[in-house]
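Asker: If you want the building blocks of each chain, they are given just below.
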Amino acid sequence: MTEAITTHDHPPAGIMRWLTATNHKDLGILYMSFGGLMFFIGGAFIMAVRAELLLPGLQLLSPGMYNQLFTLHALIMVFGAIMPFATGLNNYLIPLMIGAPDMALPRVNNWGFWILPFAAVLLLIPFFLQFFGIGSGASAAGWVMHNTSLDLQSGIGMDFAIFTIHLLGLSSLTGAINVVVTVLNMRAPGMTLMKMPLFVWAWLITAFMLILVIPVFSAAATMLLTDRHFGTHFFDAANGGDPILLQHLIWFFGHPEVYIVLLPAWGLIPHILATFSRKPVYGYRAQVYALWAICFLSFLVWSHHMLTSGLPLAAEVYFMYATMAISIPTSVLVFCWLGAIWRGAMTFETPMLFALGFVAHFGMGALTGMILPDVAVNAQYHNSYVIVSHFHYTFFGGGIFGMMAALYYWLPKFTGRMFDEKLGRLHFWLTVIFFNMTFIPQWFAGLDGMPRHIADYALRFSAMNFISSLGAFLLGLSQLLLVYIVVKCVRNGPKATGQVWEGAQGLEFTLPSPPPYHTFETPPLVK
Amino acid sequence: MKLIDAAIHDESVIKKRSIRLFCCSRRDGAASFRETGPIRKQLPLWFGMVFLLFVSGLACAQSIWDFQEPVTPVARDSITASVDFMRIIMGIYAAVFAIFAYSIFKHRKSSGARPGAFTGPGTKWQWALAISPFLLLIYIDYIWMGIPAFHAIAQMEDTRTAAEMVVKVTASQWKWQYEYPEENIKFVSTIATTQDQIHNRAAKGEHYLQEVDNPLILPTNKKIRILLTSTDVIHSWWVPSFGVKRDAVPGYLREMWVNIEKPGIYRGQCAQLCGSGHAFMPIVVEAMAEPQFKEWLAQKKAQGAAAESAAGKAWSREELMAKGDEIYNRICIACHQAGGAGLPGAFPALAGSKIVNGPFLDKDGRLIKDGHLDRVMNGKAGTAMQAFKNTFSDVEIAAIVTYERNSFGNHMGDMVQPAQVKALR
Amino acid sequence: MMNEPEVTNEHEKRERRMVQWVVALVLFVAVIYAVTFIKLPVWLPALK
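Chains as they are written, first to last, in my numbering: chain A, 48 to 574; chain B, 1000 to 1424; chain C, 109 to 156.
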């Protein structure tokens, strides 16, 4: 009995605290640290890719190695960095925001996290094995593995990637089910659904999306595995299978996946804008409905990723118009962000800078996304660097900027210490400059006809690639500043108050910083 | 600077449009820094943008600010639609972020602003403002750009009406085979850039990576229907000047059409990740007026007849070795590497290979399954080793097999005659 | 203020509801996974 009581009241010391963690705050920290670590690993991979692309000709990498590196970069950034970081935020913040003592399923929560390091290792093993002459390296078929027959002829790296996808899927599903059950059952008295903070709403919707699409992705990966090893012919054209079927399955997952990455950011941006404008959230209801609308539409537009694959005319027209419809709920979100700062009393601390940076860059990603579904023009954009530029404006300009804003916003709450504001601002400006220096040239390289995924390029693309590579190196370097800022904050930042930011609202800011190990054991009463 | 010169040499595009886009890009960058803080804090970004524009403006030919010069009706339509759409989104961006910038300057705490407490539109005017993006976007998406887009798709997908000629494109790792079914002409087009150029051991030519041995020759001012398929993985045929891109999917026949309005040489490349040779799969199309095209067809047919008779004659070892050397260094080397060393784990070595150093015909003169000649002619399922009998002539197959058996330290001493290959097809 | 038995009751109800949710969601996942195998290869070729 005594033992049980100690493990409940105080965490066990040392490593066991983290291995056996069921506390939502510990798990949140674990998830976020893992996401941060993966952000730098995925970043390191793409530095090698950009170094190869600095000048025409092959200097550093073989084309096969090049393909592995960008594939790993994408898989790691999407599944290893952004998604776990967003999951960490939900773990830490959802119970605090809805006044619950913990997540509904704490042990499942532990399991969900500890799958991740193994999945990451599994993904990377074949990459390192090749240096010892074993196997042909990691998966080199792009993050969604959409070129079916290429998947079928790949080496063991593909099998490892397929297992990784299953594990990551399992982890995401446990997390998603946990969020749904927690949000629907554990809210404090008086916290009705329409009083929930938008971040909680966004995550609830994200969780539903995950529950719907992850099984499809896993099933597609399983089918690929049986095609490779157990004699089925779902996708194998040489034996009457359908290579396009895999593309349909994978994009049915892949498009909602974009919103799975973005929704948590969309949910937290209104909090930050409202706080630093010292105003209540603008258009709460409209934003909730817009998020649901985007969730719904995201399931109906997947084939705009395959407009050059030879769909019938009717399907092309449908997917074009359906995709364009997404711009409408997105415009509601942008309008509400504008409403959030309008006639406020703004100050520009680092989280606010990142939130505004998010709006500016995500805005570009969203607007360029309006052109892409035009089927006739898409023939020029598809699989060119235009696409690379576009989705980095949404994933980095949207996803990463959003996560950075969240990190700076809640870091004093997590650690109880303030970060160095000056360095934070410096980090913001460096990120903005070098991000644009990296991805604006890519847009023009794409317009000029440079396809993606190529290890070497024709001379007409050299100037743009040179600038883009320099930008990428500097962007990568300036992210190291973030590590310094976080370490400095945790080590010896000045003490933060419970309120942290002058205009901050929400249940989490009624607690001291850092919040005690157990919070809201008696639920607060929400008016 | 050499690279840059090369870029300047390239096809130039209509000047005005380039400049227009150039300005748009600056405006769009400008909006992104407006949103924060006093001027002092914007300085780093200013410098960044000015540096970027200066360097890129200086370094690049104007043509790289937009699509390549359009030479088909579809390409012209898409460049117009693209530029229109770009102006629309730049306009929206500028308008929205002008409001953001205004708010950021006006509603700062430091300038004494008092926060409002509203949580949604209150007055009729505010409601009108809130609804306006809806209406505007519906108008842009479904009327302004949507209706022309529908017609453009219908035009792009109408491959059959009044098509005057058919060309069949068969993709395989990493080359294109072009076939004129009505003329019974068929040839393979592979990259002409050498491994030395790619690995920086030799100077790069003007059309580095966008040059081929046998370009696709097409007549101008004719509606040409292009059929596409693939023998292994999915590839994608893309020539930017034609405004069309379509995947070549194994097991399916896809189609598109072009009508080239201007004679010239147009370059593109494979646009679908298709393995380690993806960057080295260029497309070159030479468009010429009808009479020259007819002349070329006649010439090509004569060549075909000559090759036919060449396959009949007995070739000497030296002839086969010389031809084999040329083919190996152009095609096989992409996977099996220089000196037949292969890439461990990915592509098998030929030097000392059991298959290469084994028999290839049984005692009845039939192919030995998985013997050397069988591998070259019929490929190995599920790998990048494809059935070369589909793309190589009899002479080429005979030459390459003879060459491989007597190079890289392999000393089989035997040889294969084109006539044998012909009989074994 | 609630008295003791009501509190346990409330707790039990919530626990039961949570278990129901978990079971329902897991079943939902299983169904989608299965349907992908069984039905989609039949439906989707219509889109080709």
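Check before you lean on any hint, since a few could be wrong.
[Unchecked claim] Below are the EDC-like pairs computed for lysine to aspartate or glutamate, each with C-alpha atoms no more than 16 Å apart in a straight line: (1) B/Lys1222 <-> B/Glu1260; (2) B/Lys1108 <-> A/Asp274; (3) B/Lys1108 <-> A/Glu396; (4) A/Lys535 <-> A/Glu468.
Calculated directly from the structure, the hints in this document are not laboratory data.
Note that the structure is a prediction, hence the values are computed from the model and not measured.
Asker: Check the hint pairing B/Lys1108 with A/Glu396 against an upper bound of 16 Å on the C-alpha distance.
Answerer: OK: B/Lys1108 and A/Glu396 at ~12 Å, within 16 Å.
Asker: Does the structure keep A/Lys535 and A/Glu468 at a Cα separation of 16 Å or less?
Answerer: 11 Å, holds
Asker: Does A/Asp274 sit within 16 Å of B/Lys1108, going by the straight-line distance between their CA atoms?
Answerer: Between B/Lys1108 and A/Asp274 the Cα gap is close to 62 Å, so the pair fails against 16 Å, i.e. violated.
Asker: Just to be careful, I want the Cα atoms of B/Lys1222 and B/Glu1260 compared with a cutoff of 16 Å; is the pair within it?
Answerer: 10 Å, holds
Going down the numbered hints, you'll see the structure goes against just number 2.
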